[in-house]
Structures are given as C-alpha cells and as structure tokens.
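Given the sequences, and given the hints that come with them, work out the whole structure.
Protein chains: 2
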Amino acid sequence: MDPTFAIVNWADGSLDSPKLRSSTKKLGQLKGIFRDEDSWQRMDHETVVYRVWWWEPVTPGTEGGLFWGTTEILPGRVGQEYFMTHGHQHAVLDRAEFYGTVAGKGMLILRDENSRNRHEEMSPGSLHYIAGKTAHRVVNTGDTPLRFVACWPSDAGHDYATIAENGFGMRVMENHGKPSVMGDGEV
Amino acid sequence: MDPTFAIVNWADGSLDSPKLRSSTKKLGQLKGIFRDEDSWQRMDHETVVYRVWWWEPVTPGTEGGLFWGTTEILPGRVGQEYFMTHGHQHAVLDRAEFYGTVAGKGMLILRDENSRNRHEEMSPGSLHYIAGKTAHRVVNTGDTPLRFVACWPSDAGHDYATIAENGFGMRVMENHGKPSVMGDGEV
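Chains as they are written, first to last, in the working numbering: chain A, 2 to 188; chain B, 2 to 188.
These aren't lab readings, by the way, just hints derived from the structure by calculation. Take these hints with a grain of salt, some might be off.
As the list claims (entries may be wrong) - In silico contact screen, one side only, chain A against chain B (beta carbon under 7 Å); selected entries: (1) 7; (2) 10; (3) 11; (4) 53; (5) 66; (6) 69; (7) 76; (8) 80; (9) 95; (10) 96; (11) 101; (12) 128; (13) 130; (14) 133; (15) 152; (16) 174.
Said to hold, decoys possible - When the alpha-carbon atoms are kept at most 30 Å apart in a straight line, the in silico DSSO-like pairs for lysine-lysine are as follows: (17) B:179 x B:26; (18) A:20 x A:106; (19) B:32 x B:179; (20) B:106 x B:26; (21) B:134 x B:32; (22) A:20 x B:134; (23) B:134 x A:134; (24) A:27 x A:106; (25) B:179 x B:106; (26) B:106 x B:20; (27) A:106 x B:20; (28) A:134 x A:106; (29) A:20 x B:106; (30) B:20 x A:134; (31) B:134 x B:27.
Values in this document were obtained by computation on a predicted structure and should not be read as measured data. Where a beta carbon is used, it is the ideal one built from N, C-alpha and C, also for glycine.
So this is what it looks like as structure tokens:
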C-alpha cells in the first residue's frame, strides 16, 4: 500500500493504513471532566471511554496540510452524565475542523471565543463545521458506539488546558431516560 | 436546519444542506482536455461529464477554514480516453486536500511541483492525500458514476491555467477493455 493512501470503511468510519496512529482514553485519565466526582471515583478507571485513530500524511505543524481521523466514543455514563471526549480547542486558534457522523447518536458541544455555547445533534450523516476559535467536545447520548470521521489542518495543534480551566458551560445529562443539555451549574 | 450543518449520505457521498453550491461541467466546456479532438468534436457537447456539490461554511479565502464537497464523474469516454475532471492545483500552492472515494472506480492523477507524476487507484473507501503543490485530476475508469467526498482549506483557491498549459504528463486510456495509464505522448 502506498504511504499516501488509507482505507476508510464508510459503514463504521474505521480506518486502515500502515501509518495509522491511535490513542485510547480511559476513565482514569478523565479526572475532573465529569460533574459527579463520587461516581467517577467508584467506577473502574480502566474503562475505555473513547479511542481515536488518525492519519498524519505530513509532519504535524505543516502549514496547508491536513489530517484525517476517526473517533469512537463508547456508550456509558458517569452518574447521569454521558461519556464524552475531553474536549479541546486548536493551539493555532483560527484552525477549523469537520466532523462527519458515521454511526450512533450524540451531541457536539461548542464554545466560541466569546464563551457562547451551542450544541448540534449528531446522527449518521450529520456533517458539522467547527469554526476556528471554537472549543469542541463530543458526547455519546446513545446506547451504541458513536463514530465520526474528522478532517483538520495539520498545523492546528491541540490546546486542552484552556477548556480544562474554563469548562464548556454546558453538560449533557440523562434525564428520565433522555439526553438533556443543561448549563454547568444547573441540577 | 442550522446553517452550520449538512447531511452526507455515506452510501453515495451525496450532500444535503440549505447552503449547498454546485457546478456542472459539460463536454463542451472541456475543450483541449482530451487527446482525441476529432472524437470530442463529434460528440454531444451538452453531455454532462461531472458535477460538484460543496459546502462553504465560511467565506472563500478565510485562513484556517475548511470546505467540504462531493464530486460525481459520469462514466464515458472521448475516443479511448475516459471521462475526467479538468484538473487543477491550488492558487495558494501549499494547500493540501483529502479525497475519499464513496462509489465507483477511478484513478487519481497527480503531478507535483517538480513535474513528477503519480497515480493512485480509487475504489470505495480509498482515502487519498493530495499534498500541497500537487496538481490533481480524477478519471472515471468504471461503468458507473465515480463519487468521492473532498475536504480542502477555504483559502486554497483554484488555479486551472497552469495545468491547462502544462498538462498532467499522463493520460488514462481504455486499452483492450482495461484502463491503461500512459505518458502524454504515448500511443
């Protein structure tokens, strides 16, 4: 297989390439992310929350280049709060990103540079534009793995610290069996 | 539907969005592209060769932004040469692009800044990285429509003139019922 070549399975978003990179995030690595710290403490910290596979055809930092990846978020909750990604904004702030949902059901949580929140529902086929200067997090609100493909600039980088400090200002909690988006302080 | 939202059908790559743009290229608009000018002259110039639909969530020229599109190349030939796109490189030369094949069979023709040629076979699931400074053209070598999704920087722009002048240095011709990649001058 040519190094400038990968295979994507459009049925589930899975990627195959000799140059694939991957990362697995377990519950123990997501301290402070979920509201219910007691529930988080009691759960098995080895539980996988999400995995990312991605292809970097060029060196990170290359201007004008692009990366392609797939994320899988497993179904689950910490207390009433659904499993979700850590969330980040790009280190080079104006860099955008596309998310394209392939399987499952979820919510894309966005927070722009003026701390304005927005959320978009994710379902198979939904294509989401994450504008520059916008922090983004994905929540699996379904009973099956949520999978989406992504395309982003190779010089975007990741800034996890800002959002870890400021939060997203909204959370997605199960409420009478249904996902409910609420403000950070709401109960 | 939110303006920052679109729907992609992963089975055929088709896009649905209230902000969708589209372009149709007919045979008559592809003068000088195919080698066999006599055959081209005799064919119906209203024949559609390819269509592109794309979503521009931000203004063209925006640094750090991205666009998403779908291209459909219809099956057909001009003489022995398969239907194909005009081909272009990006006006901002270092801007890359991803192509992801969804349906059909084809060939991606690439020509880098040093006039080196390369081609990659396209089939459902094949994901192609088109590096910066690389002119690109797609050829439908099958009997059905070739469809692929694409993601590219919103400040990439299009330069058709350079490739119109220099050509790609290779062509894909039917040879005993099979696609054959040959140099521009080869018969």
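Can you name, in rising order, the numbers of the hints this structure does not satisfy? Numbers 4, 7, 8, 16 - these are the hints that the structure violates, sorted from lowest upward.
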